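Novice: Sequence:
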Amino acid sequence: MRIALEPGPGSVPVGSRHPDGADRPDGTDRPGRWAGAARWQRLAEDGTPLAAAQPVPDLAAAVRAIEDDARRGGEAVRWVWRSARTYRRLLRAGADVARCHDVELVEGLLVGAEGRSGEPHGIAAAAARLAGRPPAPDPALEEDDDGAPPALFAAQPADPDSDPLATLVAVHAGQQRRLDAFGPGLRLLAAAESAGALVAEEMTAHGLPWRADVHDRLLTELLGPRPLPGGRPARLAALADEIGVAFGRPVNPDSPAELLRAFARAGHELETTRAWVLRTIDHPAVGPLLAYKELARLHSAHGWSWLRTWVRDGRFRPEYVVGGVVSGRWATRGGGALQIPRAVRAAVRADPGWRLVVADAAQLEPRILAALAGDAGLAHAGNTGDGDLYAALAADLFGGDRARAKLALLSAMYGQTSGGAGVLLARLRRRFPAAVGYVEDAARAGEEGRLVRSHLGRTCPPARPGHEQPAAARARGRFTRNFVVQATAAEWALVLLAELRHALRSTGSLAQLVFFQHDEVLLHCPAEVAGATAAAVQEAADTAGRRLFGASPVRFPMQVRVVGGYDEKQ
DNA sequence: ACAGACTGCGCC
DNA sequence: AAAGGGCGCAGTCTGT
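The opening position of the first sequence corresponds to residue -2 in the numbering used here, with each subsequent residue numbered one higher.
Take every hint as true, because none was put in to throw you off.
Heads up, simulated SDA-like pairs for lysine to any residue below, C-alpha to C-alpha not over 20 Å straight-line:
1) Lys290 / Gly221
2) Lys290 / Pro253
3) Lys290 / Asp251
Hint data in this document are derived by calculation from the structure and do not stem from the laboratory.
Small disclaimer: the values here were computed from a predicted structure and weren't measured.
Kindly produce the complete structure, drawing on both the sequences and the hints.
Specialist: See the structure below:
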């Protein structure tokens, strides 16, 4: 059964915060009541209403009751809501759910699949689309967390369709019909994307354990003592001085233009000041400049000001944007969560008595390609030896040179041909014609202006006009070539997350999903369940492989570490 | 003063 | 002949 849920304007969680206003140390809020005009309506699987809409006086308690009943063997429920903002509010009120249908995320998938990429996919636009009205640009659907109503409903009080619950129910039913027009893949993707939204909200609520004291110590070791706000750390100032001395006059190392002029005066005409270019020239400023660049980046991107902004009560809580990237990868808003540099990963530490389970999919993208293309040879290469696909490939085809094997494979998936990649690619093509042919077909589709789709049906947005020039067409080909692999890898990871979450919930595990980055998951769990948690991750990976590719021989091994700190090898 | 483009680099 | 996919972020530069 499904239940469409609309918290409605003005409903706010009451008493859900700790008395002092802070989150509880375990990252959860105290269960609270949810006052306001919440309503819900029971639906059949196809979205048809089974009963009249009902007001729900205490939403969080009501949701908890239904979920508890399902856990005890009652009917399973899939909650239908407008967006994960509803779930964020439920979580704060102390209610979590097993399954949902996220209307705005599904609308995004459908809009793309129907060849209308770029059209808005908020509920207002979805309702307009359903009614055959021109898709009005989405009003700012941003709604603050404490429940200010979105402008959408406030703006149309007289419209009978402005009943938010009725709109939700109608759009959801329409989505069920539209999903029928596509294969089962898109349905699976819709469910996985929705589950991903649950995971994302829960990960933000749990937070990634982050030791501010360790981070501060690392920064101090590398940069010198913490400077006054806005100030430049001692180590950076010293390096800037060294650079000035090397050039014979002060140069701002943060200004590429100044650096180019300074190098030109010294007889080095450079195109850019990228680090790999600087490494090729012989000048006394290069050493300190490279050191400066590395440390300046650490300071500005993940330094003390980042720490103060993003870490509270021992947790880093990035906001994940599910499906925020065209390929379906997640993005994050603020905090640079997907670019945590290795240099500060030691600050990610499990609580006392707890462990981190760090799991990443080994060589995910080539394995995805093998499965997508049905390339038995490449699948076999991934299953030989100790599971190192690149090493197997190297032994088989590249005289044991793992680096060249990796370059060849990545070139096939990214469209690179420089650096000798073209020759390696030719060798790869002869050995794995299905896999290489698959990405080359995708590249050709892009060059010819056609659309490509992921395995489950996420559709790449069409090229913008002006891509008729050869250079642009080739760029488009590289994009579509990569899209089919990256987007399918992203949906595999999404299904893994959904399966893992399901497994943890159904066993009552205390393990928490706390971080996700493309092909890597971090869990935080009591030490005594770390082994079981690690096993659950591999099981979820296997299940994800079967869900996407059925009986494919391709395996998806996870490299799992059970550690105290994110930087530890094991 | 502000916005947006550009540069360069972190992660996958 | 040459041709490297996807992001977010901070700082500089440019245009208004």
